[in-house]
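*Asks:* Chains B and C: place on chain A using the hints.
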Amino acid sequence: MRKGPCMRRIGLSVVAMLMALAVAPAAFAQAREVVIGVLYPMTGPSAQIGIDARNIINVAVDIVNNGANINLPLAKSKGLPRLGGAKVRVVFVDHQGSAALGQSEAERLITQEKVHALLGAYQSAVTTTASQVAERMGIPFVNADSSSPALTERGFKWFFRTSPHDGHFSQVMFEFMQDFEKKRSIKFKSVAILNEDTTFGADSSKVQEELAKKYGYEVVAKIPFRTGTTSLDAEVGRLKDANADVLLPSLYTSDAILLTRTARNLDYNPKLIIAQDAGYTDPKFVTEMGKQAEAALTRAPFALDLAARKPLIPVVDEMFKKVSGGRDLADVSARAFTGFMTLVDAINRAGSTDPAAIQKALRESNIPADQLIMPWTGVKFDEKGQNIGVRAILQQLQGGSYQTVYPFELAAKDVVYPIPAWSQRR
Amino acid sequence: MVALGILLLAAVVFPWVFRLPYHRDLVIRIFLYAMLAQAWNILAGYCGQISLGHAVFFGTGAYTSTVLQVTWGVNPWLGLPAGIATAVALSLVIGYPCFRLRGHYFAIATIAVGEIVQTLAINWEFIGGARGLTIPFQKDSLLAFQFATSKYPYYYIMLALLAICMLVSWRIERTRLGYYFRAIREDPEAAQSVGISVTKYKLVAMAISAGVVAAGGTFYAQYVLYLDPDSVLPLSLSILVCLLAVVGGVGTLWGPLVGAALLIPLSEFTRIQFGGTGRAVDLLIYGALMTIVAVFQPAGLVGMFRRRLGHWGR
Amino acid sequence: MSMFHIPSSEMLIQGILSGILMGCLYALIAAGLSLIFGLMEIVNFAHGEFLMLGMYTTFWMYALFHLDPLLSVPISAAALFLLGWLTYKSIIRRILGGPMLAQIFATFGLGIFLRAAAQFLWTPDFRQISDPWVQGPVRILGVSVGKPQLVASVACLLAFGFLYWFITKTETGMALEATAQDRQAAALMGINTERMLTLGWGIGSACVGVAAAFLASFFYVFPYVGSLFALIAFVTVALGGFGSIPGSLVAGVIIGVIEVLGGILIAPAFKYVAVFGLYLVVVLVRPQGLFGKF
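Chains as they are written, first to last, in numbering that gives the first Met the number 0: chain A, 0 to 425; chain B, 0 to 313; chain C, 0 to 293.
Chain A extracted, bound-state conformation:
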């Protein structure tokens, strides 16, 4: 009984070690193709983010490689026209939310999988280290969704961010508050900041605190908490006591769900909530908690309800729903799609897989608004690598789905204010 399993185990471990060391890229040398490395978390609490990204990017690859009946330049032909029809191939990796893994995976993708560019990585911490590698090795790194403002302050030459960052988002929140005050002849005096305790929440709350002071609002509560906490009773208790005019939460999905439920149970009735996206725009949150989170506002990089003005949106949404098991296009998927298409567009314009050519093409990117599913004015990068065509909008949950309410010119619906108290609902 001893010998059999033992020998097998030794053999297995030797084989495993050899295989691990011999993880070599397959020889794809024949067909001309463009290889893009994509880093996202695919396991761990943020796994759904990575899965959404993966699904939408597969949709995008399909559009580019096989053409599609959609009004995008790259959908008109199979493959990349300026590279002789070369196909795009994506290598997905799971960085498990670890900054160190992000670093080594970026390295592996560049040196072993021989990717021509990188896209990723959602968590700002991982994006930090992964893009450091890209910068060192001279490979373009496009970031579609990390919101830490610091990422474009590093003086990097190979880093490009298509989406807005916390600064943009929080700015629009406060602009809204000022405009809304004028519109309704009311005055907000105090804000309460509630944030989960990872980089996302910490960054967001810092920016919001600064802006609050700048705009003259009193921060009556600043409450960071451990993400994934088992109970938000204490936090909501503090918020009730602070009784701010406006609540500014920066939460992931799980905490957003818990907050909404706890607010109901403990009878916490903030008059206005302006959320920092993330959990609040997760399709799951909308379908499950939509009714209960009625009248919550959130900043949104993406607005599904602008489908009327942007015919691209419903088409891409349909394609996404087929592979995502019915999940609608939303924040994460929309941004990943946009970042990816921006990158592919640049590679196409470069007409080559040479990194420097791609970098130059990215710098010269000028994608017009009608080729985007985002409500932006376009994609155009400044010298820091930040897209200056971004426009943040605010949406409000009304009747179980999000309606764009700000900027007022884009708004389809009026703002519901104040949020109806629990006792008055149902």
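Keep in mind that the hints were calculated from the coordinates and are not lab data. Mixed in with the good hints, there may be bad ones.
Said to hold, decoys possible - Below, computed lysine-lysine pairings styled on DSS-like, alpha-carbon distance capped at 25 Å:
(1) Lys146/C with Lys290/A
(2) Lys113/A with Lys86/A
(3) Lys138/B with Lys383/A
(4) Lys86/A with Lys321/A
(5) Lys213/A with Lys182/A
(6) Lys156/A with Lys182/A
(7) Lys270/A with Lys88/C
(8) Lys77/A with Lys412/A
(9) Lys186/A with Lys212/A
(10) Lys138/B with Lys156/A
(11) Lys188/A with Lys205/A
(12) Lys186/A with Lys412/A
Here the structure is a predicted model, which means the values were calculated and not measured.
*Replies:* Coordinates of chains B and C only, in the frame set by chain A:
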């Protein structure tokens, strides 16, 4: 002895043969985790105190040297001993009261300490809080402990650190200190009755263990150039370190190294092959393997080899 | 922002009440752990994953058969009883006499495996029971608390009562207790200790199953939900004293209250610092926990 020489030669020559950065990165990480596991082994394997919060010392080392560097421009080579000293001091503060606890109570106390420290770090703005600290790029230089363009220096520094750690372990195993540790592990009351000051030697084991781990922390910080509480203080790191030692063979000299050499490539392999699918297949395999090894081969791989080959170590 | 916060009396009452309610839940989760430990000195590091599986069971009963969580309680308990029984037979039995480290990692690996299996089967997406019978607030002592939490804690107290009755008044229960006290002596007395150990795992896991069904009615379900609850459970068991069921109840409530009060009085970011800090203070004074046996 000959085997040892061959192993050493192989280690030194490795980066010349395997030139891809990823392979070197993998082996560097194996060395780092092996050193952490070996340090843990000193406290848990030899001395019998199961700590599930060792990441605290890793984070202490990493943060100390990084904060000194980023805030006051202190050279990381000076930060290294500073980190070690801080970790040793911290270990004494933690150890002195906690060593009164036995078995599972002690283990859970170490988890509690780890969680407390991680929470404090997340909320301490001075050391970067949740956003962490970034070590700015400098030119490649031994003096600055940073090598952006090449892995060779990192490789040899880590190899040297690991070798020193193994040497320390070996000396402990062979000398009276090791006997005291083992006596405490087997039967603390008996040890006390023959005049071995149990608390004092537990603290010694803890201090050595903490110091070595802290050195690893500083190396990590200089290697990745970014740290935050989630990457250097999490419970998962503490658990990983124990796991490597357990699979390899806890309480033995070579166990932690064998454990790291097997498990790290295995987890990399499963993650690369299966991780990108989002189906967690790699973790399925990993978890199953952990359980299987624990159930069928609790003495670890080294224990298994020992039985078969009859000689080794001692 | 000052370090300490003076709460209003309403908030204080609400906090203490919420803490007690949640604490009962923590206590039941911990009780299962404590029972198992008392019998064979093994800590089930997959306990959080057992909880998670119980929650998924409850969720699927709701999603597929429209069974309210209240009705799923026996189903979840039974499913977890089976899980505990299987775990003992296939894994635990083989590591009983072995080194503590092997025991730790056997269950630890099981935990990782179960988490990964859940992600594999059901994706990492968050699931909720959107419309349970018991939902919304209820007013007690002039403050609002969650009705599901109230019902959950009452149920947990009942479960504790049942457990206590079982162990002290039934023959099987007394045999179980005897096995926990001294396995050899129990064997000599003719008790089938093997069956007792298996039963212990089954019952301990069933406790978690009950807690899981109630938790699922107000908490979201996903593969990693068990981790934090498990951590709290470990500290609860250690605080109460390994092997002491009443200890789990007292410790659970204390921790529930400290968690909320720590959040209200100091800062929610340090909620768990208060909990873990309390644990450290107590065991340093009483190394075997509040009611521990050794």
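*Asks:* Hint by hint, where does the structure go against what was stated? Just the numbers, ascending.
*Replies:* 6, 7 and 8
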